[in-house]
Amino acid sequence: MSGDLGILTQGMRKSYGRIRALRGIDLEVRRGEIFGFLGPNGAGKTTAIRCLLDLIRRDSGTARVLGIDPHKDPVAVRTRTGYLPGEMQLDENLTGEQQLHFLNDLRGGMADWSFVRQLADRLELDLRRPIRNLSKGNKIKIGVVQALMHRPELLMLDEPTFGLDPLMQQEVLRLLKEARAEGATVFFSSHVLSEVQATAERVAFIRKGLIVEVAETESLIARAVRRTHIYFRQPVDLGVLAHLQGVTILSRDDSRSVVLQVEGEMDGLIKALASLPVSDLETERPSLEDVFLAYYEGGGGEA
Amino acid sequence: MVTIFRYAMRRSRGQVLGWGIGMALLGWMMVSVYDSLAGQEEALIDLVSVYPKELMAFFGSAEGMTSMFTPEGFLSLEFLSLAPVILGIYSVLMGSGLLVSDEEKGTLDLILAHPVTRTSLLGGRACAFAAATAGILAIIWLGFMTAMTRSSMEIGGLELLRPLLSLFAVLLLFGALALFLSMLLPSRRLAATVSGLLLVASYFVTSLARINENLEQIARFSPLNYYQSEKAFQHFNVQWLSGLLGVALLFVAVAWWSFQRRDIRVGGEGGWQVPKLVRRWRAARTQG
Chain Z
95 MSGDLGILTQ GMRKSYGRIR ALRGIDLEVR RGEIFGFLGP NGAGKTTAIR CLLDLIRRDS
155 GTARVLGIDP HKDPVAVRTR TGYLPGEMQL DENLTGEQQL HFLNDLRGGM ADWSFVRQLA
215 DRLELDLRRP IRNLSKGNKI KIGVVQALMH RPELLMLDEP TFGLDPLMQQ EVLRLLKEAR
275 AEGATVFFSS HVLSEVQATA ERVAFIRKGL IVEVAETESL IARAVRRTHI YFRQPVDLGV
335 LAHLQGVTIL SRDDSRSVVL QVEGEMDGLI KALASLPVSD LETERPSLED VFLAYYEGGG
395 GEA
Chain L
41 MVTIFRYAMR RSRGQVLGWG IGMALLGWMM VSVYDSLAGQ EEALIDLVSV YPKELMAFFG
101 SAEGMTSMFT PEGFLSLEFL SLAPVILGIY SVLMGSGLLV SDEEKGTLDL ILAHPVTRTS
161 LLGGRACAFA AATAGILAII WLGFMTAMTR SSMEIGGLEL LRPLLSLFAV LLLFGALALF
221 LSMLLPSRRL AATVSGLLLV ASYFVTSLAR INENLEQIAR FSPLNYYQSE KAFQHFNVQW
281 LSGLLGVALL FVAVAWWSFQ RRDIRVGGEG GWQVPKLVRR WRAARTQG
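Which chain is which? The protein sequence lines are Z and L, in order.
Residue numbers for the first sequence follow my numbering, beginning at 95 and rising by one.
Residue numbers for the second sequence follow my numbering, beginning at 41 and rising by one.
Just so you know, these hints were derived from the structure itself, not from any lab.
Keep in mind that the hints are not guaranteed to be accurate.
Estimated spans, in silico, between C-beta atoms of each pair [as the list claims (entries may be wrong)]:
#1 L:A171 to Z:K166: 27 to 37 angstroms
#2 L:R51 to Z:K166: 44 to 54 angstroms
#3 Z:G136 to L:L290: 36 to 46 angstroms
#4 L:R46 to Z:E127: 33 to 43 angstroms
Dumping the calculated DSSO-like pairs for lysine-lysine here, alpha-carbon to alpha-carbon at most 27 angstroms [claimed, not checked]:
#5 Z:K233 to Z:K271
#6 Z:K233 to L:K145
#7 L:K145 to Z:K230
#8 Z:K271 to Z:K230
Calculated from the model, a selection of chain L residues having no Cβ within reach of chain Z, i.e. all distances over 10 angstroms [to be verified]:
#9 G62
#10 L122
#11 M185
#12 R190
#13 G236
#14 L289
We treat Cβ as the ideally placed atom computed from N, Cα and C, and that holds for glycine.
Whole structure, please, built from the sequences with the hints as guidance.
Take a look at the structure:
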């Protein structure tokens, strides 16, 4: 069963002394999907990823990566995985190309070098420059290239766009989508919600070491609270809207326009509006940020 | 492991050349000094005889000053007696940074995210350290042999190899000790400091034990007690060499054991590893 999944964790716990970084996380990432792992700083995202690569050892619980226990056979996991650390540090004495050659040699020279150059070109990365002269963003680009260059089955990326300019962020997200299109599973952590919204098919929220929600990105948005402006051709009785389930009137203007807060699906509201002379309707699509904040402020999923 | 070894060797090129050439130049100078002392033996013996024996003990020639006018005695007095301390600094710095240097810089995370076992990482790096140390000693040996072609100092190549072999074992031991301590202590700096202090303490205890019988028992536990400089020319004690190498291997083995069980820290983190290891050992016993 776990072999059908890219990642499986059950009750995975990890403590650093008295600090309980992971308090029993359960996660299933399907093969071939892009999975966003969202949470604020210190929530446990990096700890979870590092446990999955056996860089740190879980205290208890189960973990399988591509069906393999990373603690029992870390080399098998890492052979098939590309990893981007959250804190990208490289050997300052090497050039970008030398660094990538070193990392490729650790993989037994699996990478196709023309693909490496193609990735570098797309990320506008000069591989001839010494790493000590590179900006943080360029170091992250080297990290992205090394994670992708051997076309791994699974990508585990810890904040892959953090520190990149918006254009490069888009390019990295495009690369992730392309990797998925070629069959790779992409698991990436972020606290930038818009990029998860634009890229991931499913998302898990982690807070204080616990997964508080796993959902399809779209369904999560659909469940969110959204703000709707409705304009009428003539004054109307708004009582019909006030009694709809999940609908709250926030403000009104001479009964010709109204601002509503709608929780959940819009179906009931739209059906009610069918009997009214609507001239215009605007709905603000909730960002994942709103969803995220709604969860956190409401203590959603708190253990 | 071969890749790790190759890259570690490439990274230590500067160290090998720097320490090797530096020490070879020092040796070259000593050979020149030896030539300039020819014919002044009696005056020098008079001069040295007024030195306190406590001072001479540190040069390993308290028993008989006349030996300093033999090529072997002079080399031992002026170079080999101090070499473990001078090169010990290199050894301790390299040993303590073998793994922890990358860990503190945050680069170990990325390396170990590749298909590399911790055993092969440690093995490759440890072999590179041994090879780099051997490289430094080879440069020193070559320097001496070159200098001696123009000097009245005559020591055969194989003869000179013996004390250098003993020095090699001492350097490996202190490097391995530093590696072991780096697995237990919160930082590389602390591991290097403690190892360096142990090196200096070993030097003092071994030297002072030559003139103070009360220290002989303690000196038995000092690695430098089994270092052979002048003695190696006369009778090379293979057991002592094996003992030093054996202890070095033991330290590497314990460091490996600890490295297998610990978390890889990311840059800036630090902590005492002993309590964690004890906790894990107890947990394993309970589960067993």
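For each hint, the structure was consulted:
no., hint, in the structure
1, L:A171 to Z:K166: 27 to 37 angstroms, "holds, 32 angstroms"
2, L:R51 to Z:K166: 44 to 54 angstroms, "violated, 31 angstroms"
3, Z:G136 to L:L290: 36 to 46 angstroms, "holds, 40 angstroms"
4, L:R46 to Z:E127: 33 to 43 angstroms, "holds, 38 angstroms"
5, Z:K233 to Z:K271, "holds, 21 angstroms"
6, Z:K233 to L:K145, "holds, 14 angstroms"
7, L:K145 to Z:K230, "holds, 15 angstroms"
8, Z:K271 to Z:K230, "holds, 24 angstroms"
9, G62, "holds, 21 angstroms"
10, L122, "holds, 31 angstroms"
11, M185, "holds, 33 angstroms"
12, R190, "holds, 38 angstroms"
13, G236, "holds, 25 angstroms"
14, L289, "holds, 25 angstroms"
When held up to the earlier numbered hints, the structure conflicts with hint 2 and nothing else.
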